[in-house]
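Q: When you get a sec, could you build the whole thing from the sequences and use the hints?
Number of protein chains: 2
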Amino acid sequence: MVNLPLAPIRMTDQVPSKSNSIRPSQLRCIGCDRVFEKATQNFRCAHCGDLLEIVYPDWNTSDAARLDAAKLKDLWRQRRGSRFPVDESGVWRFRELLPSFGEKDVISLREGNTPLYEMPNCARVAGLPQLYAKHQGMNPTGSFKDTGMTVAASVARREGFRWVSCASTGNTSASMAAYAARGGMRSLVLIPEGKVSWGKLSQALDYGAVTCQLKTDFDGCMRVLNEVVQRMSVYLLNSVNPYRIEGQKTAAIELMEQLDWQPPDHIIVPGGNLGNSSALGKAFIEMRRLGLISRLPKVSIIQAAGANALVRTMRENGGSELVTVHAETAASAIRIGNPASWKKAVTVLEATSGTVEEVSEVEIALAKAEIGADGIGCEPASAVTLAGLKKLVKQGFVKPGESVILILTGHLLKDPEFTLKFHRGDLFAGAVSEKEVSILRPQQRAPIVLDATVDAVVQTLKAADDQLEL
Amino acid sequence: MVNLPLAPIRMTDQVPSKSNSIRPSQLRCIGCDRVFEKATQNFRCAHCGDLLEIVYPDWNTSDAARLDAAKLKDLWRQRRGSRFPVDESGVWRFRELLPSFGEKDVISLREGNTPLYEMPNCARVAGLPQLYAKHQGMNPTGSFKDTGMTVAASVARREGFRWVSCASTGNTSASMAAYAARGGMRSLVLIPEGKVSWGKLSQALDYGAVTCQLKTDFDGCMRVLNEVVQRMSVYLLNSVNPYRIEGQKTAAIELMEQLDWQPPDHIIVPGGNLGNSSALGKAFIEMRRLGLISRLPKVSIIQAAGANALVRTMRENGGSELVTVHAETAASAIRIGNPASWKKAVTVLEATSGTVEEVSEVEIALAKAEIGADGIGCEPASAVTLAGLKKLVKQGFVKPGESVILILTGHLLKDPEFTLKFHRGDLFAGAVSEKEVSILRPQQRAPIVLDATVDAVVQTLKAADDQLEL
Chain A
0 MVNLPLAPIR MTDQVPSKSN SIRPSQLRCI GCDRVFEKAT QNFRCAHCGD
50 LLEIVYPDWN TSDAARLDAA KLKDLWRQRR GSRFPVDESG VWRFRELLPS
100 FGEKDVISLR EGNTPLYEMP NCARVAGLPQ LYAKHQGMNP TGSFKDTGMT
150 VAASVARREG FRWVSCASTG NTSASMAAYA ARGGMRSLVL IPEGKVSWGK
200 LSQALDYGAV TCQLKTDFDG CMRVLNEVVQ RMSVYLLNSV NPYRIEGQKT
250 AAIELMEQLD WQPPDHIIVP GGNLGNSSAL GKAFIEMRRL GLISRLPKVS
300 IIQAAGANAL VRTMRENGGS ELVTVHAETA ASAIRIGNPA SWKKAVTVLE
350 ATSGTVEEVS EVEIALAKAE IGADGIGCEP ASAVTLAGLK KLVKQGFVKP
400 GESVILILTG HLLKDPEFTL KFHRGDLFAG AVSEKEVSIL RPQQRAPIVL
450 DATVDAVVQT LKAADDQLEL
Chain B
0 MVNLPLAPIR MTDQVPSKSN SIRPSQLRCI GCDRVFEKAT QNFRCAHCGD
50 LLEIVYPDWN TSDAARLDAA KLKDLWRQRR GSRFPVDESG VWRFRELLPS
100 FGEKDVISLR EGNTPLYEMP NCARVAGLPQ LYAKHQGMNP TGSFKDTGMT
150 VAASVARREG FRWVSCASTG NTSASMAAYA ARGGMRSLVL IPEGKVSWGK
200 LSQALDYGAV TCQLKTDFDG CMRVLNEVVQ RMSVYLLNSV NPYRIEGQKT
250 AAIELMEQLD WQPPDHIIVP GGNLGNSSAL GKAFIEMRRL GLISRLPKVS
300 IIQAAGANAL VRTMRENGGS ELVTVHAETA ASAIRIGNPA SWKKAVTVLE
350 ATSGTVEEVS EVEIALAKAE IGADGIGCEP ASAVTLAGLK KLVKQGFVKP
400 GESVILILTG HLLKDPEFTL KFHRGDLFAG AVSEKEVSIL RPQQRAPIVL
450 DATVDAVVQT LKAADDQLEL
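The listed protein sequences correspond, in order, to chains A and B. Quick note on numbering that gives the first Met the number 0: the first sequence kicks off at 0 and runs consecutively. Quick note on numbering that gives the first Met the number 0: the second sequence kicks off at 0 and runs consecutively.
Because the hints were derived from the structure by calculation, they are not lab data. Among the hints, erroneous ones may be present.
What the hints assert, rightly or not - Mimicking DSS-like on lysine-lysine, the simulated pairs with C-alpha atoms at most 30 Å apart in a straight line are:
| no. | chain 1 | residue 1 | chain 2 | residue 2 |
| --- | --- | --- | --- | --- |
| 1 | B | K70 | B | K103 |
| 2 | B | K390 | B | K420 |
| 3 | A | K420 | B | K214 |
| 4 | B | K420 | B | K434 |
| 5 | A | K398 | A | K434 |
| 6 | A | K70 | B | K70 |
| 7 | B | K398 | B | K342 |
| 8 | A | K103 | A | K72 |
| 9 | B | K434 | B | K393 |
| 10 | B | K461 | A | K214 |
| 11 | B | K461 | B | K393 |
| 12 | B | K72 | A | K70 |
| 13 | B | K461 | A | K37 |
| 14 | B | K461 | A | K420 |
| 15 | B | K434 | A | K103 |
| 16 | A | K72 | B | K72 |
| 17 | B | K420 | A | K214 |
| 18 | B | K434 | B | K390 |
| 19 | A | K420 | A | K434 |
| 20 | A | K72 | B | K342 |
| 21 | B | K37 | A | K461 |
| 22 | A | K420 | A | K342 |
| 23 | A | K398 | A | K342 |
| 24 | A | K37 | A | K342 |
| 25 | B | K214 | A | K461 |
| 26 | A | K70 | A | K103 |
| 27 | A | K461 | B | K103 |
| 28 | A | K342 | A | K390 |
| 29 | B | K420 | B | K342 |
| 30 | A | K420 | A | K398 |
| 31 | A | K461 | A | K390 |
Claimed, not checked - Derived list of chain A stretches under chain B, where covered just means 3 residues or more per stretch with a C-beta under 8 Å from a C-beta of chain B:
| no. | region |
| --- | --- |
| 32 | 100-112 |
| 33 | 268-274 |
By construction, the Cβ of each residue, glycine as well, lies at the ideal position given by its N, Cα and C atoms.
A: Following this line, the structure appears as structure tokens:
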């Protein structure tokens with residue numbers, strides 16, 4: 000057995016704590032506040048059935064001072080130069096703010112470490128002097144799901160599970176299957192028959208998932224899965240799993256490090272199942288509690304108008320009761336009418352003084368093209384952030400002097416079909432007004448068929464130049 | 000105008016040279032050795048028409064000692080902790096080995112920084128105790144092309160071009176369009192009519208490329224393009240552009256840093272247009288000349304049997320004259336019968352004592368599934384590396400005690416169609432033998448349609464477990 004001469008491992012794993020005794024994390028019900036040491040198979044509170052969240056007893060009130068903020072920042076910076084696998088992960092590099100884990104138990108694909116891009120074209124269309132986007136779609140499987148999956152899949156393996164499972168046709172199943180394969184576990188994907196998003200499912204198949212198409216709808220798949228995990232030793236990796244939220248938190252920590260720990264005024268997040276906004280908000284709240292940042296950014300959540308459960312919930316009852324909707328939008332990653340993490344998201348909106356907004360299908364398509372024009376690209380669900388930002392600027396909620404970060408959640412290659420339909424002009428197939436067509440047309444670039452002559456190409460170039468100068 | 004509180008920039012740009020005068024890079028013809036200060040529009044030698052390569056007069060013979068290897072390694076390591084944009088790029092971090100550039104002239108998407116993954120499943124099927132893969136598909140647009148495009152697009156902008164162009168239906172056009180958009184330039188893609196790979200082209204469209212379908216074949220597109228760049232101020236970004244090769248070099252430098260500067264015994268690279276193997280080989284040769292590494296790995300190149308121009312060239316005439324072929328393979332990224340950089344690749348094979356091998360369509364599909372089973376995934380062209388490695392091990396060219404790095408060039412999401420067809424069982428549509436079908440079948444995982452009952456799912460899980468235990 001030959002060992003490759005990998006760079007020497009330098010352990011930098013001492014938690015800079017003022018005390019030596021670290022108490023393990025616990026699970027707390029967000030409904031009735033009961034605390035548990037261990038989760039049930041379906042990650043629901045055994046008493047009231049609500050969702051659980053991870054809490055760290057050591058961080059309560061004055062104990063928070065046990066973690067030395069300056070030393071933590073220094074430790075995390077040092078790890079950026081390390082070649083130790085858990086240090087190279089943009090999630091586990093921040094492991095002091097995660098449930099404690101032995102390095103050998105970690106399943107990692109070197110997730111996180113996602114870029115923060117300046118977006119000059121998007122700033123211009125939004126009417127802001129400057130705008131940045133943190134691109135979570137640059138994770139290994141092409142979506143932000145990887146940052147949560149590395150933690151939850153690691154928990155599954157540590158607890159001895161051989162099977163993990165989720166109901167999903169999209170980014171979740173792709174990420175789950177990758178981490179399961181990486182960790183030597185098997186994965187089961189349940190999808191409603193006939194509603195298969197084959198493109199995204201290709202990833203789960205490649206990573207070796209067993210895929211069942213059930214003769215029911217998505218909620219039916221979830222019901223079956225919740226019973227399967229009771230009957231067999233199968234670990235549930237849907238977004239009710241609070242360890243996924245913990246991993247997703249780290250995107251906010253990494254962002255703050257990229258901004259030298261100076262919080263921006265606004266964070267704009269797409270809202271689907273609401274796990275991501277819950278995770279980012281939890282991170283900001285915890286970072287402030289631990290003295291890592293001095294104030295909270297406003298976390299605002301944008302939904303597609305056709306899948307606007309949270310928007311309606313906030314507007315109709317101020318967040319006290321979920322209004323479910325029949326979801327319909329081309330932005331498939333946020334096509335969710337009954338978001339699991341709605342209560343956690345309401346907490347984040349309230350704690351950070353953020354807002355909600357909804358955007359139309361045409362607004363999403365236009366914003367996606369504008370993000371592409373910055374040379375970045377994203378999947379349609381990510382583009383709701385820019386579309387929503389434009390509205391928040393017009394409403395005065397975001398002011399021109401304020402700093403704004405868009406959270407892009409998925410890679411352009413997650414949904415090439417949307418992009419092609421948009422440019423061919425058949426995305427909306429007559430379902431939009433003349434005015435909307437005229438707004439979209441300048442962004443559409445269907446290929447031009449030409450004779451194979453230099454003159455034909457030169458004329459096309461000149462015409463494109465003229466068009467730009469108009 | 001508000002400035003986001005980005006992390007303070009620490010300049011680490013002093014080249015650790017024993018002399019203060021750095022002579023600029025030059026272009027040298029690989030055919031007649033003539034040296035030029037500036038390239039022609041089509042990047043061909045004005046005298047003999049052969050390709051050009053970038054050379055650094057300061058590195059010749061004894062002058063090479065001007066660059067202090069230990070100090071360079073230290074400098075590059077320091078930059079990993081920097082938030083300065085050119086330091087965050089996995090290409091520009093190694094800028095001492097690239098043509099000199101002002102930071103403001105650099106167009107970057109934070110390319111490079113790609114992971115080196117251990118591949119336990121692939122090691123097992125190849126019959127090796129250990130195996131690693133460097134995944135260039137984790138670049139921003141999903142392929143290794145980004146590492147070269149950041150350099151060549153930056154040259155284009157510095158030279159004042161408003162338009163860049165290439166003939167390509169795949170990864171090159173996606174990458175070019177992204178960097179053009181990022182740099183405020185426009186991009187032109189020429190493609191043969193009727194042979195449009197819509198999935199990959201969706202990226203170029205999203206980033207704003209003008210796309211012309213010409214009524215001709217690929218060579219016809221290249222001919223038209225070569226004339227267009229003579230007639231108009233349009234910068235050519237096909238792989239004949241030697242600045243692309245320079246950028247692609249950095250993957251090898253980054254790999255050596257990941258291996259603590261201890262060269263592996265073997266590097267296995269897919270061979271299409273042969274720019275990538277040329278670039279990686281050039282990097283190893285230069286690193287040895289500069290004292291950064293003490294010996295060369297063997298760089299071996301694997302082609303699809305249906306696009307085996309280099310394999311035939313080496314076997315039929317030892318690399319003295321290109322044998323072109325009519326290319327046909329499902330691995331579209333290496334479907335090239337007339338590779339532009341063949342001579343450069345021959346030089347690399349000779350200098351590093353590498354070899355060539357070809358693999359069948361079935362071998363590619365099988366290897367791709369085996370890479371997927373490691374939780375990584377790649378596009379079909381990347382999978383030739385594992386398929387070829389298996390042969391090289393059987394032939395004894397790669398010995399079980401030797402260290403091997405596979406170079407994966409494209410992301411799984413670049414070609415979901417291939418993956419779907421494979422799992423549905425219609426990739427080969429009857430064109431393979433019974434024996435081949437029986438080899439592929441255990442890897443295929445078409446979704447199973449089930450009644451929406453817990454029993455049905457539980458039975459499927461148990462059957463999958465039983466299958467594994469057989």
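Q: When the structure is checked against the list of hints, which entries are broken? Sort them ascending.
A: Hint check: 11, 14, 15, 20, 22, 29, 30, 31 and 33 fail, others pass.
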